[in-house]
Amino acid sequence: MTSLTAKDKDAVRAFWSKVAPKAEDIGSDALSRMLVVYPQTKTYFTHWKDLSPGSAPVRKHGKTVMRGVAEAVAKIDDLKAGLLELSELHAFTLRVDPANFKILSHNILVVLAIMFPKDFSPEVHVAMDKFLAALARALSEKYR
Amino acid sequence: MVEWTDFERATIQNLFSKMDYELVGPAALSRCLVVYPWTQRYFGNFGNLYNAEAITSNENVINHGKVVLHGLDRAVKNMDNIKDTYAELSLLHSEKLHVDPDNFRLLADCLTIVVASRMGSDFTGDVQAAFQKFLAVVVSSLGRQYH
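Note that the protein sequences, when read in sequence, are chains A and B.
Note that this note's numbering has the first sequence beginning at 5, numbered continuously upward.
Note that this note's numbering has the second sequence beginning at 95, numbered continuously upward.
Think of the hints as simulated: they come from the structure by calculation, not from any bench.
One or more of the hints may lead you astray.
To be verified - Simulated DEER-style distance windows between Cβ atoms:
no., chain 1, residue 1, chain 2, residue 2, range
1, A, His51, B, Arg135, 38 to 48 Å
2, A, Ser21, B, Met95, 48 to 58 Å
3, A, Ser7, B, Asp194, 22 to 32 Å
4, A, Lys11, B, Gly138, 19 to 29 Å
Even glycine gets a Cβ: it sits at the ideal position worked out from N, Cα and C.
Could you put the whole structure together from the sequences, leaning on the hints where they help?
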């Protein structure tokens, strides 16, 4: 898969500055959708009391995830180095199957389309899709 | 045999009855060609696909987008027999058009995004689940006759 061009990075940064104020809502909605549409992802959250859309643990975790995404935007010029610690966390502690990164990315894109229908043009869509894929690759670095 | 719940049936019928095929079809296809540019390989004779603007305003893309979405209508009207409904179309896509079936999944994802952006908050997690399940069945049926 290709790496991010300068045009992609500009598009991501510009779009992110628009959507960042809603990061918490985006994270919560994306996670809620993921748990409903892809029920196999619930297996990672058996320790939560409430897995229903918009529940307290889902909101809290959505916030955590989007903090990671924000960090990735800031470190977009070197995601591998920038997300090293997060990769180690996901590889050794959380042990999330990397296939799930694609699933969550898809749901983030769906939420962006819902919340920002006019801004989420095909060009912004492709830049964000590439960015989330690069983010997922960086998170998978330390797996093996 | 695919089992549909009452909610899933109602959701699909409702969603498609309210859908503007003439807008959604072209939007989904052009988005697919922009977001996954390798899909352009099947449209060599469509003319200018040079950038996102060219793709979105391309007459051939617009017309073909409508064709594709009206083709989806067949599944909407035959939810209990999508596999047989699409047997011929599957053969067409494999033997004549030689389309890599993975592309069906890519187009389905773009359609989901377009529908989500148009429905806004009405596109709840449950609606999304029903819609994606429906598209997964369509995608699987279209890939059935590949050997």
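The hints, checked one at a time:
1. A/His51 - B/Arg135: 38 to 48 Å: 46 Å, holds
2. A/Ser21 - B/Met95: 48 to 58 Å: For A/Ser21 and B/Met95 the Cβ distance comes to about 49 Å; the hint holds.
3. A/Ser7 - B/Asp194: 22 to 32 Å: Taking Cβ atoms as reference, A/Ser7 and B/Asp194 lie about 24 Å apart, which means the hint holds.
4. A/Lys11 - B/Gly138: 19 to 29 Å: 25 Å, holds
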